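Enquirer: One-letter residues, chain by chain:
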Amino acid sequence: MRSGSRSSRALLYAACFAVTLVVLVPLYIAVTGGAKGMGQLLSEPLGLPVPFMVTQYSDLLLGKVGTYWRALANSSLVAGASVAIELLVCAGAAFALARLRFRLNSALYNYFLLGLLFPLAVCILPLYLQIRGLGLLNRYWGVILPQVAFQIPLQVLLLRGFFRSIPKELEDATEIDGYGPLGFLWYMVLPLSTPILATSGVLTLVVSWNNFFLPLLVFNSNAKFTLPMGVMDFMGEHMTGWNLVLGYLTLAMIPAVLLFIFAQKYIVAGLTGGAVKG
Amino acid sequence: MRRIACLIGLLVLLPGLALFAAPVKFSFWHIGVNDPDKSFYQSVVDGYLKLHPNVTIDMTILENEAFKAKTSTLMQSGDPPDVFQSWGGGLMSTYAAAGLLRDISKEVLGTAWGGSMAPGVLGVYQYNGKQYGMPYDMGAVSFWYNKDLLAKVGYTTFPATWPDLLKLVSKLKAAGITPIAVGAGDKWPAHFWWSYLAIRLGGKPIFQNVLSGKGKGFNDPAFVKAGQLLLDLANLKPFQDGFLAATWPDQAGFIGDGKAAFHLMGQWSPSAESAYSVSKKGILDKEGMAPFPSVPGGVGKATDAFGGGNGFAIGKNAPDEAVDFLKFLTNKENNSRYAATGNIIPTVKGADVSLKDPNARMVKGLVDKAGYYQLYLDQFFPPAVGGVVNDSVQAILAGTQTPAQAAAAIQTAYDENK
Amino acid sequence: MKTNARTAALPTLLLLIGPAFILFTMLVVVPVVQAAVYSLYRWNGMGPLTAFRGLQNFVTLFTNATFQKAVWHNVLIVIVSLGIEIPLALGLALIIGRSDFPLAVFFRTFFFLPYVLSEVITGVLWQFIYHPQYGLVKAIVSFISPSAPSPVLLGNPHITLWVIMIVIVWKYFGFHMTILIAGLQDIPEELREAARIDGASNGQVNRYITIPLLRTTLQISVFFSIIGSFQVFDVVWAMGKGDPVNAAETMVTYLYKFGIQRLNIGLGSAVAVTIFAVCLVFSVFYQRTLMREER
Numbered sequence: 001m002r003s004g005s006r007s008s009r010a011l012l013y014a015a016c017f018a019v020t021l022v023v024l025v026p027l028y029i030a031v032t033g034g035a036k037g038m039g040q041l042l043s044e045p046l047g048l049p050v051p052f053m054v055t056q057y058s059d060l061l062l063g064k065v066g067t068y069w070r071a072l073a074n075s076s077l078v079a080g081a082s083v084a085i086e087l088l089v090c091a092g093a094a095f096a097l098a099r100l101r102f103r104l105n106s107a108l109y110n111y112f113l114l115g116l117l118f119p120l121a122v123c124i125l126p127l128y129l130q131i132r133g134l135g136l137l138n139r140y141w142g143v144i145l146p147q148v149a150f151q152i153p154l155q156v157l158l159l160r161g162f163f164r165s166i167p168k169e170l171e172d173a174t175e176i177d178g179y180g181p182l183g184f185l186w187y188m189v190l191p192l193s194t195p196i197l198a199t200s201g202v203l204t205l206v207v208s209w210n211n212f213f214l215p216l217l218v219f220n221s222n223a224k225f226t227l228p229m230g231v232m233d234f235m236g237e238h239m240t241g242w243n244l245v246l247g248y249l250t251l252a253m254i255p256a257v258l259l260f261i262f263a264q265k266y267i268v269a270g271l272t273g274g275a276v277k278g
Numbered sequence: 001m002r003r004i005a006c007l008i009g010l011l012v013l014l015p016g017l018a019l020f021a022a023p024v025k026f027s028f029w030h031i032g033v034n035d036p037d038k039s040f041y042q043s044v045v046d047g048y049l050k051l052h053p054n055v056t057i058d059m060t061i062l063e064n065e066a067f068k069a070k071t072s073t074l075m076q077s078g079d080p081p082d083v084f085q086s087w088g089g090g091l092m093s094t095y096a097a098a099g100l101l102r103d104i105s106k107e108v109l110g111t112a113w114g115g116s117m118a119p120g121v122l123g124v125y126q127y128n129g130k131q132y133g134m135p136y137d138m139g140a141v142s143f144w145y146n147k148d149l150l151a152k153v154g155y156t157t158f159p160a161t162w163p164d165l166l167k168l169v170s171k172l173k174a175a176g177i178t179p180i181a182v183g184a185g186d187k188w189p190a191h192f193w194w195s196y197l198a199i200r201l202g203g204k205p206i207f208q209n210v211l212s213g214k215g216k217g218f219n220d221p222a223f224v225k226a227g228q229l230l231l232d233l234a235n236l237k238p239f240q241d242g243f244l245a246a247t248w249p250d251q252a253g254f255i256g257d258g259k260a261a262f263h264l265m266g267q268w269s270p271s272a273e274s275a276y277s278v279s280k281k282g283i284l285d286k287e288g289m290a291p292f293p294s295v296p297g298g299v300g301k302a303t304d305a306f307g308g309g310n311g312f313a314i315g316k317n318a319p320d321e322a323v324d325f326l327k328f329l330t331n332k333e334n335n336s337r338y339a340a341t342g343n344i345i346p347t348v349k350g351a352d353v354s355l356k357d358p359n360a361r362m363v364k365g366l367v368d369k370a371g372y373y374q375l376y377l378d379q380f381f382p383p384a385v386g387g388v389v390n391d392s393v394q395a396i397l398a399g400t401q402t403p404a405q406a407a408a409a410i411q412t413a414y415d416e417n418k
Numbered sequence: 001m002k003t004n005a006r007t008a009a010l011p012t013l014l015l016l017i018g019p020a021f022i023l024f025t026m027l028v029v030v031p032v033v034q035a036a037v038y039s040l041y042r043w044n045g046m047g048p049l050t051a052f053r054g055l056q057n058f059v060t061l062f063t064n065a066t067f068q069k070a071v072w073h074n075v076l077i078v079i080v081s082l083g084i085e086i087p088l089a090l091g092l093a094l095i096i097g098r099s100d101f102p103l104a105v106f107f108r109t110f111f112f113l114p115y116v117l118s119e120v121i122t123g124v125l126w127q128f129i130y131h132p133q134y135g136l137v138k139a140i141v142s143f144i145s146p147s148a149p150s151p152v153l154l155g156n157p158h159i160t161l162w163v164i165m166i167v168i169v170w171k172y173f174g175f176h177m178t179i180l181i182a183g184l185q186d187i188p189e190e191l192r193e194a195a196r197i198d199g200a201s202n203g204q205v206n207r208y209i210t211i212p213l214l215r216t217t218l219q220i221s222v223f224f225s226i227i228g229s230f231q232v233f234d235v236v237w238a239m240g241k242g243d244p245v246n247a248a249e250t251m252v253t254y255l256y257k258f259g260i261q262r263l264n265i266g267l268g269s270a271v272a273v274t275i276f277a278v279c280l281v282f283s284v285f286y287q288r289t290l291m292r293e294e295r
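Chains as they are written, first to last, in the working numbering: chain A, 1 to 278; chain B, 1 to 418; chain C, 1 to 295.
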């Protein structure tokens with residue numbers, strides 16, 4: 001190996017393993033904690049669950065305790081719709097800003113970018129009143145639409161950067177074939193952009209999936225609660241039953257982890273490609 | 001003649017039938033996440049639906065803190081639930097003043113429904129003389145202690161004076177037992193201590209002065225002394241580890257698992273202690289109850305009580321059926337049934353015969369005997385002031401504010417929000 | 001990069017940008033403007049806006065000791081992010097970003113994982129770890145020294161902010177590391193090779209070649225880090241709501257607690273406007289400085 005002595009290598013290796021431990025130990029505790037009795041949880045948080053209390057996990061999964069599946073379904077519904085609409089809306093806007101010349105182009109772009117400066121919490125009350133005014137309280141759209149709106153700055157930034165890098169020759173080619181800008185978008189740009197679109201979708205998915213504040217305000221009925229709300233709710237009810245809470249947390253983490261394993265490529269590509277080059 | 005009577009009878013009945021035949025829906029929000037409350041509410045809803053099959057009830061159950069967070073935004077949206085949990089007092093008055101509640105004076109005052117409860121109790125849910133809700137529970141805050149743990153240090157009864165209580169704390173500490181559990185993270189359990197000390201020290205006059213603006217308000221020496229006594233107690237380090245971040249469920253569970261000797265809490269305490277404990281059993285027959293001790297030099301009466309209850313308020317858009325539902329919930333039969341669970345001190349006269357638990361009967365006794373009854377301060381005042389009361393007590397316990405500073409902060413908040 | 005632009009027809013423009021513009025304006029911009037308006041009133045959120053107070057809310061805000069504390073905490077979080085989180089991310093990026101580092105993919109995956117978890121889950125999980133009676137830290141302490149008192153972490157006003165910052169670093173270091181690794185991959189390996197052949201050690205290669213070339217990426221990382229630090233809310237709220245005694249209060253928890261929960265909408269909106277102004281000024285300043293350097 002060319003770089004460094006073997007001992008310095010080993011050191012770096014050890015450092016990485018140490019960090020990995022720090023990352024994984026909390027997660028390990030959650031997973032195993034869910035299968036332990038409270039007694040064992042208190043005395044041996046790091047140990048393996050013996051006996052393995054299957055009933056705790058099965059109760060959670062069967063819906064005897066908590067409402068995992070319903071929360072999961074709600075989260076999926078909201079996230080799916082948010083991603084679909086976000087892609088539609090942002091791809092269109094990003095394309096126009098990237099490739100079409102018009103007077104307000106620069107102004108509009110900066111207008112959208114301003115949105116990066118406010119977190120949701122800043123406009124929460126007027127936003128809430130706005131949602132109510134539109135009659136969207138306690139409805140899925142009341143969460144989906146604002147979520148999309150708040151994602152617009154980042155996703156337009158991301159997508160525009162990519163769209164700008166598409167060579168003019170391709171555009172000229174479609175023009176020769178008789179297509180206008182919309183045709184260019186539909187037949188050429190979008191097919192070429194699947195990686196970045198996947199990234200954009202995944203980023204929105206993560207944000208929507210983990211969003212707590214907005215659903216908390218919009219959804220009144222327990223039936224519509226999303227997963228983070230389910231966690232807080234569950235915790236409120238079973239607060240001192242930490243083993244159950246950890247079990248619920250584990251189940252709540254699984255979709256995020258699965259998503260991450262499958263979509264890691266896109267998330268990374270997007271953050272780096274868009275963020276760095278945009 | 002008979003035919004005309006029948007006709008008249010029909011004409012009278014028909015509108016009534018029409019009222020009860022049309023489908024009606026209303027929302028019902030409560031904080032009974034655990035049993036016995038959860039099953040009780042479900043049974044009341046089921047019972048009402050059986051009697052009124054055209055009604056649909058949209059029930060939302062939220063845990064205490066989540067409920068407070070949620071209702072505050074709902075109220076601000078101008079869209080209150082129809083029947084929702086309320087502690088009366090200043091917060092409810094804020095809502096009433098903003099026109100968000102339905103005035104049910106017509107249905108309550110001067111009727112059998114209103115007559116079923118003591119006037120003082122009804123008054124907690126009034127604003128400017130109008131009725132906006134009804135209580136089903138009105139108790140008092142008192143000490144709940146573990147008889148076994150106290151016996152270990154030689155106490156068969158709970159101290160009757162404040163200096164005695166401090167002695168008990170020292171003895172418990174020496175024996176390696178955590179004396180007191182308090183959820184100072186949630187803050188409101190801690191404000192119970194300060195408020196009771198103030199009541200014992202200054203009695204009714206100091207609270208009246210706050211409201212009337214006479215005297216020094218919260219800067220009255222009695223309030224400052226209350227903070228000082230609390231600080232003295234805190235300096236004995238009597239609380240469980242991490243008490244400044246502990247929640248109310250933490251506190252209850254601690255007592256329920258026998259890990260601390262006593263705590264200052266309301267009438268719902270025993271069932272919460274078992275629900276939130278690890279063992280889920282609680283301390284059962286080892287549970288003792290005692291009133292707040294007297295404080296030497298205090299002008300407050302030993303019978304003065306501090307506490308509050310639970311009830312429901314009616315939102316401005318509520319249909320008549322919602323009011324009718326509340327009437328059903330607070331009728332003698334249901335109130336007695338709830339009382340029998342031991343979780344509430346019933347408000348309906350005569351419902352207390354089903355209070356089997358001797359501790360619960362004692363709490364009822366405290367309420368009945370009280371010449372002066374003070375509602376929880378963080379509910380009595382509007383949230384901007386109540387929040388500062390809670391913050392200041394936590395600050396005293398954490399040592400970041402002196403008792404005088406805490407009192408001054410509360411007075412400032414009160415002045416700003418008059 | 002030359003703009004590959006063509007003049008556009010209005011209907012096309014409306015179709016493409018319209019939806020985004022409408023959604024963004026109605027659900028982001030309008031509420032922010034409304035927040036600015038509310039900040040000039042005293043209002044409890046119910047009923048009409050009547051008590052105009054001008055800039056009184058801002059005066060109250062800036063003279064309020066608790067808010068000052070909150071701002072200071074945000075600054076501390078920025079400092080920790082820039083001083084610990086980003087160097088950590090950079091260090092790890094330099095280690096595993098090398099194409100020859102074994103198990104690089106393995107490490108990259110795990111380091112990025114905390115970022116994907118929701119703040120609520122993270123907050124609850126770490127609350128358990130820090131719990132004085134039931135937590136992991138307590139178990140470790142008891143293991144080492146059975147008679148030691150329970151460690152009070154979140155309940156100790158002096159250290160609660162710091163233990164929360166540990167969680168913030170835990171959650172976000174992987175995000176920054178990932179960005180930096182990508183930036184690293186843009187740096188031609190030949191440059192670093194050349195330096196090594198010339199006899200430079202790894203450390204020197206990093207210091208004189210790699211890091212300077214990473215400059216743009218680092219700037220982006222720093223930018224997101226600072227903006228994020230000003231806006232942090234979920235993790236802090238889930239771990240104690242900024243208490244006890246405001247020891248972990250941030251600007252946004254202050255907004256929620258003193259503005260929304262205490263029904264003081266005017267004050268809360270003043271906080272919102274302040275946060276926006278801070279972020280705006282910072283962004284403009286940051287961009288200007290960067291652009292100036294690049295020239």
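Honestly, I wouldn't trust all of these hints.
[Unchecked claim] Distance ranges between label pairs, derived from CB positions:
#1 B:G365 <-> A:S43: 39 to 45 Å
#2 A:I176 <-> C:F282: 55 to 61 Å
#3 A:S221 <-> C:P188: 54 to 60 Å
#4 C:F282 <-> A:W69: 26 to 32 Å
#5 C:L103 <-> A:L46: 22 to 28 Å
#6 B:R361 <-> A:L46: 44 to 50 Å
#7 C:R215 <-> A:F17: 27 to 33 Å
#8 B:R361 <-> A:D59: 33 to 39 Å
#9 B:D148 <-> A:L24: 38 to 44 Å
#10 A:P167 <-> C:L103: 35 to 41 Å
#11 C:V30 <-> A:S76: 49 to 55 Å
#12 B:V299 <-> C:V30: 53 to 59 Å
#13 B:N317 <-> C:V105: 57 to 63 Å
[Unchecked claim] Just a few of them, taken from the derived set where beta-carbon distance is under 10 Å, the chain C residues facing chain A:
#14 T25
#15 L40
#16 S118
#17 V222
#18 S225
#19 I227
Rather than coming from a laboratory, the hints here were simulated on the basis of the structure. Since the model is a prediction, treat every value here as computed from it, not as a measurement. Even for Gly, the Cβ is constructed at its ideal location relative to N, Cα and C.
Enquirer: Now tell me if each hint is right for this structure.
Expert: Cross-check of the supplied hints:
For G365 (chain B) paired with S43 (chain A), a C-beta distance near 43 Å keeps the hint of 39 to 45 Å intact. The supplied range of 55 to 61 Å is broken by I176 (chain A) and F282 (chain C), whose beta-carbon atoms lie about 47 Å from each other. Between S221 (chain A) and P188 (chain C) the beta carbon distance is about 57 Å. The supplied range of 54 to 60 Å therefore holds. Evaluation of the 26 to 32 Å hint for F282 (chain C) and W69 (chain A) yields a failure: the beta carbon distance comes to about 44 Å.
Hint check: L103 (chain C) to L46 (chain A), Cβ distance near 24 Å, so the stated range 22 to 28 Å holds. The hint said 44 to 50 Å for the Cβ distance between R361 (chain B) and L46 (chain A), and at roughly 48 Å that hint holds. At about 30 Å, the beta-carbon gap between R215 (chain C) and F17 (chain A) stays in the expected band of 27 to 33 Å. Judged by the Cβ atoms, the range 33 to 39 Å given for R361 (chain B) and D59 (chain A) holds: they are separated by roughly 37 Å.
The hinted range of 38 to 44 Å is satisfied by D148 (chain B) and L24 (chain A), whose Cβ atoms lie roughly 43 Å apart. For P167 (chain A) and L103 (chain C), the Cβ-Cβ distance of about 38 Å falls inside the hinted range of 35 to 41 Å, so the restraint holds. For the pair V30 (chain C) and S76 (chain A), the supplied restraint of 49 to 55 Å is violated, since their beta-carbon distance comes to about 29 Å. Taking the beta carbon of each, V299 (chain B) and V30 (chain C) are about 56 Å apart, inside 53 to 59 Å as hinted.
Taking 57 to 63 Å as the suggested C-beta distance range, the pair N317 (chain B) and V105 (chain C) conforms, at roughly 58 Å. At its closest, the beta carbon of T25 (chain C) sits 9 Å from a beta carbon of chain A; the interface hint therefore holds under the 10 Å criterion. Given hint, L40 (chain C) at the interface with chain A, is violated; its Cβ is 13 Å from that chain's nearest Cβ, farther than 10 Å. Because the beta carbon of S118 (chain C) sits about 3 Å from the nearest beta carbon in chain A, less than 10 Å, this interface hint is met.
This hint is violated: V222 (chain C) has a C-beta 12 Å from the nearest C-beta of chain A, more than the 10 Å allowed. Residue-level restraint check for S225 (chain C) is violated (minimum Cβ-Cβ distance to chain A is 12 Å; threshold 10 Å). A hinted interface residue such as I227 (chain C) counts as satisfied when its beta carbon comes closer than 10 Å to some beta carbon of chain A; here the least separation is about 7 Å, so the hint holds.
Violated hints, in rising order: 2, 4, 11, 15, 17 and 18; the structure is consistent with all others.
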